[in-house]
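There are 2 protein chains.
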Amino acid sequence: MKTTRREFSRLVAISAGAQLLSSIPALGEDRTIGYCIVGLGRISMQHFMPAVKMSKKARVTALVSGHREKADRMAAEYGVASRNIYNYENYDQIVKNTDIDAVYIALPNSMHAEYTIRAAKAGKHVLCEKPMATTVEDARSMIRACEGAQRKLMIAYRCQYEPAHLRAVQLIREGKLGSIQSIESAFGFPIAPNEWRLDKKLAGGGPLMDVGIYCLNASRYLTGEEPSAVKGFSSVVDKDGRFAQVEETLSWTITFPGGVLANCTCTYGSQMPGYFRVRGSKGTMIMEPAFNYDKVHLSGQLAGGEALDLSPDEPDPVQFLREAEHMVECILQNKEPKTSGQEGLRDMELMAQIYRDCEKKSA
Amino acid sequence: MKTTRREFSRLVAISAGAQLLSSIPALGEDRTIGYCIVGLGRISMQHFMPAVKMSKKARVTALVSGHREKADRMAAEYGVASRNIYNYENYDQIVKNTDIDAVYIALPNSMHAEYTIRAAKAGKHVLCEKPMATTVEDARSMIRACEGAQRKLMIAYRCQYEPAHLRAVQLIREGKLGSIQSIESAFGFPIAPNEWRLDKKLAGGGPLMDVGIYCLNASRYLTGEEPSAVKGFSSVVDKDGRFAQVEETLSWTITFPGGVLANCTCTYGSQMPGYFRVRGSKGTMIMEPAFNYDKVHLSGQLAGGEALDLSPDEPDPVQFLREAEHMVECILQNKEPKTSGQEGLRDMELMAQIYRDCEKKSA
Numbered sequence: 003m004k005t006t007r008r009e010f011s012r013l014v015a016i017s018a019g020a021q022l023l024s025s026i027p028a029l030g031e032d033r034t035i036g037y038c039i040v041g042l043g044r045i046s047m048q049h050f051m052p053a054v055k056m057s058k059k060a061r062v063t064a065l066v067s068g069h070r071e072k073a074d075r076m077a078a079e080y081g082v083a084s085r086n087i088y089n090y091e092n093y094d095q096i097v098k099n100t101d102i103d104a105v106y107i108a109l110p111n112s113m114h115a116e117y118t119i120r121a122a123k124a125g126k127h128v129l130c131e132k133p134m135a136t137t138v139e140d141a142r143s144m145i146r147a148c149e150g151a152q153r154k155l156m157i158a159y160r161c162q163y164e165p166a167h168l169r170a171v172q173l174i175r176e177g178k179l180g181s182i183q184s185i186e187s188a189f190g191f192p193i194a195p196n197e198w199r200l201d202k203k204l205a206g207g208g209p210l211m212d213v214g215i216y217c218l219n220a221s222r223y224l225t226g227e228e229p230s231a232v233k234g235f236s237s238v239v240d241k242d243g244r245f246a247q248v249e250e251t252l253s254w255t256i257t258f259p260g261g262v263l264a265n266c267t268c269t270y271g272s273q274m275p276g277y278f279r280v281r282g283s284k285g286t287m288i289m290e291p292a293f294n295y296d297k298v299h300l301s302g303q304l305a306g307g308e309a310l311d312l313s314p315d316e317p318d319p320v321q322f323l324r325e326a327e328h329m330v331e332c333i334l335q336n337k338e339p340k341t342s343g344q345e346g347l348r349d350m351e352l353m354a355q356i357y358r359d360c361e362k363k364s365a
Numbered sequence: 003m004k005t006t007r008r009e010f011s012r013l014v015a016i017s018a019g020a021q022l023l024s025s026i027p028a029l030g031e032d033r034t035i036g037y038c039i040v041g042l043g044r045i046s047m048q049h050f051m052p053a054v055k056m057s058k059k060a061r062v063t064a065l066v067s068g069h070r071e072k073a074d075r076m077a078a079e080y081g082v083a084s085r086n087i088y089n090y091e092n093y094d095q096i097v098k099n100t101d102i103d104a105v106y107i108a109l110p111n112s113m114h115a116e117y118t119i120r121a122a123k124a125g126k127h128v129l130c131e132k133p134m135a136t137t138v139e140d141a142r143s144m145i146r147a148c149e150g151a152q153r154k155l156m157i158a159y160r161c162q163y164e165p166a167h168l169r170a171v172q173l174i175r176e177g178k179l180g181s182i183q184s185i186e187s188a189f190g191f192p193i194a195p196n197e198w199r200l201d202k203k204l205a206g207g208g209p210l211m212d213v214g215i216y217c218l219n220a221s222r223y224l225t226g227e228e229p230s231a232v233k234g235f236s237s238v239v240d241k242d243g244r245f246a247q248v249e250e251t252l253s254w255t256i257t258f259p260g261g262v263l264a265n266c267t268c269t270y271g272s273q274m275p276g277y278f279r280v281r282g283s284k285g286t287m288i289m290e291p292a293f294n295y296d297k298v299h300l301s302g303q304l305a306g307g308e309a310l311d312l313s314p315d316e317p318d319p320v321q322f323l324r325e326a327e328h329m330v331e332c333i334l335q336n337k338e339p340k341t342s343g344q345e346g347l348r349d350m351e352l353m354a355q356i357y358r359d360c361e362k363k364s365a
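Line by line, the protein sequences give chains C and P.
Under the working numbering, residues 3 to 365 are what the first sequence spells out, in order.
Under the working numbering, residues 3 to 365 are what the second sequence spells out, in order.
No lab work stands behind these hints: they were computed from the structure.
Heads up, a few of these hints could be off.
The list cannot tell twin chains apart, which means a pair is met if one copy fits it or any two copies do.
Capping the alpha-carbon separation at 25 Å, the derived lysine to any residue pairs in SDA-like fashion look like this [to be verified]:
no.: 1; residue 1: K337; residue 2: A124
no.: 2; residue 1: K241; residue 2: I174
no.: 3; residue 1: K98; residue 2: E331
no.: 4; residue 1: K178; residue 2: A309
no.: 5; residue 1: K284; residue 2: A246
no.: 6; residue 1: K363; residue 2: P259
no.: 7; residue 1: K363; residue 2: V138
no.: 8; residue 1: K284; residue 2: W198
no.: 9; residue 1: K362; residue 2: E228
no.: 10; residue 1: K284; residue 2: D240
no.: 11; residue 1: K340; residue 2: R175
no.: 12; residue 1: K178; residue 2: P291
no.: 13; residue 1: K363; residue 2: S230
no.: 14; residue 1: K337; residue 2: V320
no.: 15; residue 1: K241; residue 2: L304
no.: 16; residue 1: K362; residue 2: R222
no.: 17; residue 1: K55; residue 2: F191
no.: 18; residue 1: K241; residue 2: E227
no.: 19; residue 1: K297; residue 2: A309
no.: 20; residue 1: K284; residue 2: E197
no.: 21; residue 1: K363; residue 2: D311
no.: 22; residue 1: K59; residue 2: A83
no.: 23; residue 1: K337; residue 2: L168
no.: 24; residue 1: K363; residue 2: T225
As the structure is a computational prediction, the values presented were derived from the model and not from experiment.
Can you build the whole structure from these sequences, using the hints too?
What follows is the structure in structure tokens.
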């Protein structure tokens with residue numbers, strides 16, 4: 003009988019000082035995972051790639067870009083071999099490249115499905131940015147493709163790997179806030195004209211798909227429940243041409259099976275730093291800002307005024323590092339990612355439901 | 003032809019230095035208005051009556067209470083003659099009492115209609131606490147009764163007389179926030195068992211009628227528009243007997259004709275200090291706390307980081323004083339109150355619509 007890493011670690015912890023031994027790599031887990039970066043935009047170049055650089059478990063080993071010059075520049079910075087630079091035409095050639103274990107897809111939303119499915123066919127694991135796709139059907143196809151190829155599919159819900167968010171979930175589960183009744187959450191920013199996010203075909207929708215998804219996903223992981231129903235309204239106030247195809251602002255309410263109500267707003271029309279407030283019978287928890295790339299801030303107050311200690315044990319300035327390493331762990335240990343394709347699909351289905359309700363009349 | 007005060011003032015302003023003359027009282031306006039306090043609860047004794055005491059334009063001249071001892075105590079404190087103490091049976095006798103110009107009704111919601119109508123029949127003006135009534139039909143009857151008797155009917159929406167709220171409205175109208183896209187607002191508190199507010203017959207509904215009405219009313223005066231549609235969900239999480247008749251929490255969304263969306267939550271289950279956030283293309287305005295009796299706090303930030311100067315020119319520690327004096331002004335100058343019966347009726351109709359939508363399924 004083989005001893006798994008977890009069992010081995012437990013045995014070690016029981017028999018001796020576990021802390022001394024915790025740096026011993028488990029069998030097969032000492033190798034690094036090679037990421038192929040698909041799409042060299044801001045999130046790749048400013049966030050994901052620098053995070054991978056900090057990791058001892060992963061490396062950037064290949065790039066896919068339509069801009070060869072930019073790709074060459076990034077290749078030089080990350081020590082990527084010239085032969086490992088691909089474009090969107092020869093992307094499928096990654097099948098032959100053993101330097102690549104997984105792809106990180108950071109393309110316009112409408113391209114997520116295609117590049118995920120092509121990666122799966124090339125035998126590569128997939129870490130795909132949110133929103134998972136532009137349609138529920140595409141999301142299902144991505145899951146099928148990765149399952150068929152027995153490759154991991156993880157959606158890049160970075161907040162689910164961020165220590166303050168994990169601490170928030172933990173405190174709620176421990177009952178520190180008592181029974182939870184409601185959540186308020188919002189996220190938005192004023193969008194510049196001509197962004198691909200304003201093109202419905204590329205984006206799939208407006209701020210709901212891009213920033214509202216943070217509030218939606220948060221309301222699910224904070225409650226630990228799946229919504230029973232949603233209602234909402236969308237609108238366009240600024241008739242300046244930006245919102246010819248997608249909504250400018252969307253407000254929605256979710257009801258959860260246990261009775262928790264989540265009230266959320268997202269916009270492309272104004273500054274709306276992301277936040278959530280969780281209200282319980284024993285107190286309130288506030289994260290604001292909540293969905294930033296770099297800094298988040300969790301605070302709380304118990305009924306009666308007592309402040310909650312909400313600082314995570316392990317503050318983390320680089321959210322993307324944990325995300326990138328979770329994928330590594332799932333590949334090496336053959337585990338299902340915490341934010342799997344199913345997790346992404348659930349948000350896709352809910353966003354479709356919210357859009358449908360926005361078309362409906364009210365009482 | 004008699005010259006009204008307004009005409010007289012204008013003539014004076016045109017012909018001479020108006021500033022020098024502005025302290026001359028207009029004809030008939032130097033007399034004080036006598037308030038009869040109907041219901042000696044917290045809001046009367048701790049807020050409204052002390053405010054009237056500070057006024058040079060109004061006096062507490064009569065009391066209505068079921069508790070004679072309490073009434074005697076308050077009468078002594080406010081110099082109310084013993085003959086001017088009434089109970090709920092002999093209340094209609096106020097018709098003969100020339101010390102009373104107006105009644106201030108601070109009873110459980112279900113009694114507002116009856117005591118307003120009886121006051122109108124007794125020839126008295128009415129300042130009635132919010133919510134105006136427990137049903138739309140009652141609200142309409144109140145308006146009819148006061149119109150028929152040619153008496154003023156004002157609903158005690160104190161925030162509409164509070165300088166920081168007025169400043170918020172003014173800044174929005176001046177375009178300081180650019181085009182407004184959305185409002186977030188919430189208000190709630192954990193309710194004690196056995197409160198009359200939990201009795202549907204007395205209260206008419208749950209937190210929506212009691213505290214949510216602040217968010218609803220604020221979203222209307224902040225936008226200056228009347229809602230086009232509403233959607234919502236209500237729920238009960240705490241099955242401890244308190245919420246057998248009314249909702250514990252209610253979240254709703256309003257869409258306004260100009261496209262502004264307002265997302266609001268109210269609860270009796272948790273601490274939820276009242277606030278609103280107004281989001282515009284040029285900046286955000288936050289009032290938090292917003293609906294307290296004593297202190298409110300208005301702040302704002304323009305896009306680009308510039309702080310908005312939001313301190314009202316005239317800070318006001320006693321919100322109820324302005325409310326009480328607005329009623330005086332309306333009586334003496336025969337003006338329609340800013341927060342008239344129609345204003346109260348609009349909220350009643352909207353709350354009924356919100357409750358109806360809560361019964362409806364979503365997409």
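To see whether the hints hold, each was checked on the structure:
{"no.": "1", "hint": "K337 - A124", "in the structure": "within (20 Å within a copy, 78 Å between copies)"}
{"no.": "2", "hint": "K241 - I174", "in the structure": "between (42 Å within a copy, 19 Å between copies)"}
{"no.": "3", "hint": "K98 - E331", "in the structure": "within (23 Å within a copy, 85 Å between copies)"}
{"no.": "4", "hint": "K178 - A309", "in the structure": "within (11 Å within a copy, 35 Å between copies)"}
{"no.": "5", "hint": "K284 - A246", "in the structure": "between (45 Å within a copy, 21 Å between copies)"}
{"no.": "6", "hint": "K363 - P259", "in the structure": "both (24 Å within a copy, 14 Å between copies)"}
{"no.": "7", "hint": "K363 - V138", "in the structure": "both (24 Å within a copy, 22 Å between copies)"}
{"no.": "8", "hint": "K284 - W198", "in the structure": "between (44 Å within a copy, 23 Å between copies)"}
{"no.": "9", "hint": "K362 - E228", "in the structure": "both (22 Å within a copy, 20 Å between copies)"}
{"no.": "10", "hint": "K284 - D240", "in the structure": "between (41 Å within a copy, 12 Å between copies)"}
{"no.": "11", "hint": "K340 - R175", "in the structure": "within (17 Å within a copy, 48 Å between copies)"}
{"no.": "12", "hint": "K178 - P291", "in the structure": "both (21 Å within a copy, 24 Å between copies)"}
{"no.": "13", "hint": "K363 - S230", "in the structure": "both (19 Å within a copy, 10 Å between copies)"}
{"no.": "14", "hint": "K337 - V320", "in the structure": "within (23 Å within a copy, 62 Å between copies)"}
{"no.": "15", "hint": "K241 - L304", "in the structure": "between (44 Å within a copy, 21 Å between copies)"}
{"no.": "16", "hint": "K362 - R222", "in the structure": "both (24 Å within a copy, 23 Å between copies)"}
{"no.": "17", "hint": "K55 - F191", "in the structure": "neither (29 Å within a copy, 48 Å between copies)"}
{"no.": "18", "hint": "K241 - E227", "in the structure": "between (38 Å within a copy, 19 Å between copies)"}
{"no.": "19", "hint": "K297 - A309", "in the structure": "both (21 Å within a copy, 21 Å between copies)"}
{"no.": "20", "hint": "K284 - E197", "in the structure": "between (44 Å within a copy, 20 Å between copies)"}
{"no.": "21", "hint": "K363 - D311", "in the structure": "neither (44 Å within a copy, 40 Å between copies)"}
{"no.": "22", "hint": "K59 - A83", "in the structure": "within (19 Å within a copy, 85 Å between copies)"}
{"no.": "23", "hint": "K337 - L168", "in the structure": "within (19 Å within a copy, 58 Å between copies)"}
{"no.": "24", "hint": "K363 - T225", "in the structure": "between (28 Å within a copy, 22 Å between copies)"}
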